[in-house]
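Using the sequences provided together with the hints, build the complete structure.
Order-wise, the sequence lines are chains B and D. So for the first sequence, this note's numbering puts the first residue at 1; every next one is plus one. So for the second sequence, this note's numbering puts the first residue at 1001; every next one is plus one.
Be aware that one or more of the hints could be misleading.
Unchecked claim - Which residues of chain D face chain B? A few of them, derived with a C-beta cut under 8 Å, are:
| id | residue |
| --- | --- |
| 1 | Leu1288 |
| 2 | Phe1292 |
| 3 | Leu1300 |
| 4 | Arg1303 |
| 5 | Ile1317 |
| 6 | Ile1318 |
| 7 | Asp1327 |
| 8 | Pro1328 |
| 9 | Ala1332 |
| 10 | Ala1335 |
| 11 | Ile1336 |
| 12 | Glu1337 |
| 13 | Ala1338 |
| 14 | Leu1339 |
Stated by the list, open to error - Capping the alpha-carbon separation at 30 Å, the derived lysine-lysine pairs in DSSO-like fashion look like this:
| id | chain 1 | residue 1 | chain 2 | residue 2 |
| --- | --- | --- | --- | --- |
| 15 | B | Lys275 | B | Lys289 |
| 16 | D | Lys1320 | B | Lys44 |
| 17 | B | Lys276 | D | Lys1319 |
| 18 | B | Lys276 | D | Lys1320 |
| 19 | B | Lys289 | D | Lys1322 |
| 20 | B | Lys275 | B | Lys67 |
| 21 | D | Lys1315 | B | Lys276 |
| 22 | B | Lys320 | D | Lys1289 |
| 23 | D | Lys1036 | B | Lys319 |
| 24 | D | Lys1275 | B | Lys320 |
| 25 | D | Lys1315 | B | Lys244 |
| 26 | B | Lys244 | D | Lys1322 |
| 27 | B | Lys44 | D | Lys1315 |
| 28 | B | Lys315 | D | Lys1044 |
| 29 | B | Lys67 | B | Lys276 |
| 30 | B | Lys322 | D | Lys1238 |
| 31 | D | Lys1008 | D | Lys1044 |
| 32 | B | Lys244 | D | Lys1319 |
| 33 | D | Lys1238 | B | Lys315 |
| 34 | D | Lys1008 | B | Lys320 |
| 35 | D | Lys1044 | D | Lys1265 |
| 36 | D | Lys1244 | B | Lys322 |
| 37 | D | Lys1238 | D | Lys1265 |
| 38 | B | Lys322 | D | Lys1276 |
Quick caveat, the hints were computed from the structure, so don't treat them as lab data. Note that the coordinates shown come from a computational prediction; the quantities given were computed from them, not determined experimentally. Heads up, the beta-carbon is just placed ideally off N, CA and C, and yes, glycines get one too.
2 protein chains.
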Amino acid sequence: MDEAFIEKLLNRDVRAVARLLRWIDDGMEDARQTLKRLYRHTGKATVIGITGNPGAGKSTLTDQLIKRFRKRGLTVAVVAIDPSSPFSGGAILGDRIRMQDHSLDDGVFIRSFATRGHLGGLTNTTTDVVHALDAAGWDIILVETVGVGQDEVEVQRLAHTTLVVMTPGMGDEIQAIKAGILEIADVFVVNKSDRDGADRTVRELEQMLDLGRGAKPTLGEILHHGGKVDLSEQAEDKRIAPDKWVPRIIKTVALRGEGMDDLEKAMDEHMEEYKKACEDSSFVEARLKQEFVEIYRRTLLNRGWSYLMSEDHIKGIIKKMKDHSSDPYTLAEQAIEALGSKG
Amino acid sequence: MDEAFIEKLLNRDVRAVARLLRWIDDGMEDARQTLKRLYRHTGKATVIGITGNPGAGKSTLTDQLIKRFRKRGLTVAVVAIDPSSPFSGGAILGDRIRMQDHSLDDGVFIRSFATRGHLGGLTNTTTDVVHALDAAGWDIILVETVGVGQDEVEVQRLAHTTLVVMTPGMGDEIQAIKAGILEIADVFVVNKSDRDGADRTVRELEQMLDLGRGAKPTLGEILHHGGKVDLSEQAEDKRIAPDKWVPRIIKTVALRGEGMDDLEKAMDEHMEEYKKACEDSSFVEARLKQEFVEIYRRTLLNRGWSYLMSEDHIKGIIKKMKDHSSDPYTLAEQAIEALGSKG
Chain B
1 MDEAFIEKLL
11 NRDVRAVARL
21 LRWIDDGMED
31 ARQTLKRLYR
41 HTGKATVIGI
51 TGNPGAGKST
61 LTDQLIKRFR
71 KRGLTVAVVA
81 IDPSSPFSGG
91 AILGDRIRMQ
101 DHSLDDGVFI
111 RSFATRGHLG
121 GLTNTTTDVV
131 HALDAAGWDI
141 ILVETVGVGQ
151 DEVEVQRLAH
161 TTLVVMTPGM
171 GDEIQAIKAG
181 ILEIADVFVV
191 NKSDRDGADR
201 TVRELEQMLD
211 LGRGAKPTLG
221 EILHHGGKVD
231 LSEQAEDKRI
241 APDKWVPRII
251 KTVALRGEGM
261 DDLEKAMDEH
271 MEEYKKACED
281 SSFVEARLKQ
291 EFVEIYRRTL
301 LNRGWSYLMS
311 EDHIKGIIKK
321 MKDHSSDPYT
331 LAEQAIEALG
341 SKG
Chain D
1001 MDEAFIEKLL
1011 NRDVRAVARL
1021 LRWIDDGMED
1031 ARQTLKRLYR
1041 HTGKATVIGI
1051 TGNPGAGKST
1061 LTDQLIKRFR
1071 KRGLTVAVVA
1081 IDPSSPFSGG
1091 AILGDRIRMQ
1101 DHSLDDGVFI
1111 RSFATRGHLG
1121 GLTNTTTDVV
1131 HALDAAGWDI
1141 ILVETVGVGQ
1151 DEVEVQRLAH
1161 TTLVVMTPGM
1171 GDEIQAIKAG
1181 ILEIADVFVV
1191 NKSDRDGADR
1201 TVRELEQMLD
1211 LGRGAKPTLG
1221 EILHHGGKVD
1231 LSEQAEDKRI
1241 APDKWVPRII
1251 KTVALRGEGM
1261 DDLEKAMDEH
1271 MEEYKKACED
1281 SSFVEARLKQ
1291 EFVEIYRRTL
1301 LNRGWSYLMS
1311 EDHIKGIIKK
1321 MKDHSSDPYT
1331 LAEQAIEALG
1341 SKG
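Laid out in structure tokens, this is it:
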């Protein structure tokens, strides 16, 4: 890793950053080595999550937010996680269309990643992407996901503030995705609120929040979660967020910029609350723990896989299973011991 | 692990088996040690998967199949994976109701497991449960799941033959779950086929199969999947199934036993095809590889987590992240090295 490259990254050189993101996306060892060097420079950016079903107007809302942040003199990076479709090749096309408005502004960086149809696929690298953009010096990192699966919930756990974007008349869907969005939403945005049923959607959200409040775990409960927990469960642990915050519900018509003042205000208030929570060191430590566990889990699985594949270890293992001279439980333990001694 | 207990397990002692399954469900180290001893006795059972939405009639169909297998002199163990609901406590209640019919027959064993609301939660132990029942000597192991998520698809990958149970008028749902069921279904059962729309559902399935046939990967493609793969992707690898089999579509009215002869015939034919596929050693090895990778992955994550928690290693790591004296990528690598040397 040459110093000049690191230097460029830390100075928000767009081509260097784009290269690092490609390395991350491709799972290159170079990405990992670079991230080690960058880590000490992270922790400055504000990470904002935006999630919602296709058609909810996330892109329009994101564009509005970009303009507002730029007016305040803040630089903005947008990471859009697109569920990949073999038919659309959506990610790249989407980038091109969306870049047009901001293509002359070097304070804005937009990149889409395809999830490649793998559950758990991209989640893994989103932390790295956010670290890279944070170290490079973007003030605001917007992470946009389609809010459907467990996967997206995990991505949004990274964010300091998460917006869940809905549209009027989504009553049934609210019921269906209740558990997931209750956990991650700091602000509900009822977009396209000039349509019929906006007030009803607001009321339904209010009811849902009233019902859900008692069920929300406190930080204390999360920290003392304890007991028998393995890393796969850990990865699905509760989001660490300020205890006292009551999610806001904001009506917008993003296309015409309506309601954006209210939304900006709610987001600012949430960040204030978040900063207050950070005065409690156990809050900060719980976030760091979750961050570490995610990286550790991924490293374990990657190293574990590399070991299996190197020198055809897997072939020997399958042979022993086949002739019943050993069993997969013992063989797994032996492989893990060998893994460590390899370094 | 005393010999008498192993002896009991191998002789299909119901109380010993029930105890082992509790250990597995509770993640006890004793379970692991017992499974090591039992492994050489596995590989004899026929594992049949049954999946479908709630209300499709899986339980009734399972009961019919149990009766038919018993008539042929075969013993049957049923593992039902219930998505747990905090409100129902469904698993235990379900067992009691379902056991009534077979409670005097010691050739039938039925046990439900709750998934505890964790994605990826129970999948992990289903392999162990199937190994335990296989070693204990049940001829047929029926694994029943609610066919919705990635999780269930993974469980069904264990099965030699998988039935996907549907009901008439599920057209929209077919579209929605297309990808998942296309991969796992060996036989589609259109149950409650005395209802309107049964023939239409059959036609829709036929169309879907025609469309999907080209997309189905061959064993060769699976084996040479290669390239950049980590264990999290590997766990979602394609199901290893006979190449040439074209999924059958069978209409039944399980409640009245209608269509059961056709279903039994289709299942027998599929098992024939499966046995033929096993004459190819690369087929058998691909199955063993998938089995090993799943156990290895789980062992890695468990051991990894134990290490973090022992002697408060995690506290030291968080401290170093907090004061930026190291980075999570380096710390993860160090923890993995220490893990191996611990044994």
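Hints, one by one, checked against the model:
1. Leu1288: holds (5 Å)
2. Phe1292: Hint on Phe1292 (chain D): holds, closest Cβ of chain B at ~5 Å, below 8 Å.
3. Leu1300: Result: holds, 5 Å to nearest chain B Cβ.
4. Arg1303: With a closest approach of 6 Å, the Arg1303 (chain D) hint holds.
5. Ile1317: holds (6 Å)
6. Ile1318: Interface hint status for Ile1318 (chain D): holds (5 Å vs cutoff 8 Å).
7. Asp1327: holds (3 Å)
8. Pro1328: holds (4 Å)
9. Ala1332: holds (4 Å)
10. Ala1335: holds (6 Å)
11. Ile1336: holds (6 Å)
12. Glu1337: At about 5 Å, which falls below the 8 Å cut-off, the nearest Cβ of chain B leaves the hint on Glu1337 (chain D) intact, so it holds.
13. Ala1338: For Ala1338 (chain D), the interface hint holds, since the closest Cβ of chain B sits about 7 Å away, which is under 8 Å.
14. Leu1339: holds (5 Å)
15. B:Lys275 with B:Lys289: holds (18 Å)
16. D:Lys1320 with B:Lys44: Given that 30 Å is the threshold and the Cα spacing comes to 18 Å, the pair holds.
17. B:Lys276 with D:Lys1319: Holds, because 20 Å separates the two Cα atoms, which is no more than 30 Å.
18. B:Lys276 with D:Lys1320: holds (23 Å)
19. B:Lys289 with D:Lys1322: Holds, at roughly 10 Å.
20. B:Lys275 with B:Lys67: holds (24 Å)
21. D:Lys1315 with B:Lys276: holds (23 Å)
22. B:Lys320 with D:Lys1289: holds (11 Å)
23. D:Lys1036 with B:Lys319: holds (16 Å)
24. D:Lys1275 with B:Lys320: holds (21 Å)
25. D:Lys1315 with B:Lys244: Holds, because 26 Å separates the two Cα atoms, which is no more than 30 Å.
26. B:Lys244 with D:Lys1322: Holds - the C-alpha atoms of Lys1322 (chain D) and Lys244 (chain B) are around 24 Å apart, at most 30 Å.
27. B:Lys44 with D:Lys1315: Holds, because 23 Å separates the two Cα atoms, which is no more than 30 Å.
28. B:Lys315 with D:Lys1044: Distance of about 23 Å is within 30 Å: holds.
29. B:Lys67 with B:Lys276: holds (27 Å)
30. B:Lys322 with D:Lys1238: holds (21 Å)
31. D:Lys1008 with D:Lys1044: Holds - the C-alpha atoms of Lys1044 (chain D) and Lys1008 (chain D) are around 18 Å apart, at most 30 Å.
32. B:Lys244 with D:Lys1319: Holds, at about 26 Å.
33. D:Lys1238 with B:Lys315: holds (19 Å)
34. D:Lys1008 with B:Lys320: Holds. Lys1008 (chain D) to Lys320 (chain B) sits at ~26 Å (cutoff 30 Å).
35. D:Lys1044 with D:Lys1265: holds (21 Å)
36. D:Lys1244 with B:Lys322: holds (24 Å)
37. D:Lys1238 with D:Lys1265: At roughly 26 Å apart (the allowed maximum being 30 Å), Lys1265 (chain D) and Lys1238 (chain D) satisfy the hint.
38. B:Lys322 with D:Lys1276: Satisfied, since the Cα-Cα distance of roughly 17 Å is no more than 30 Å.
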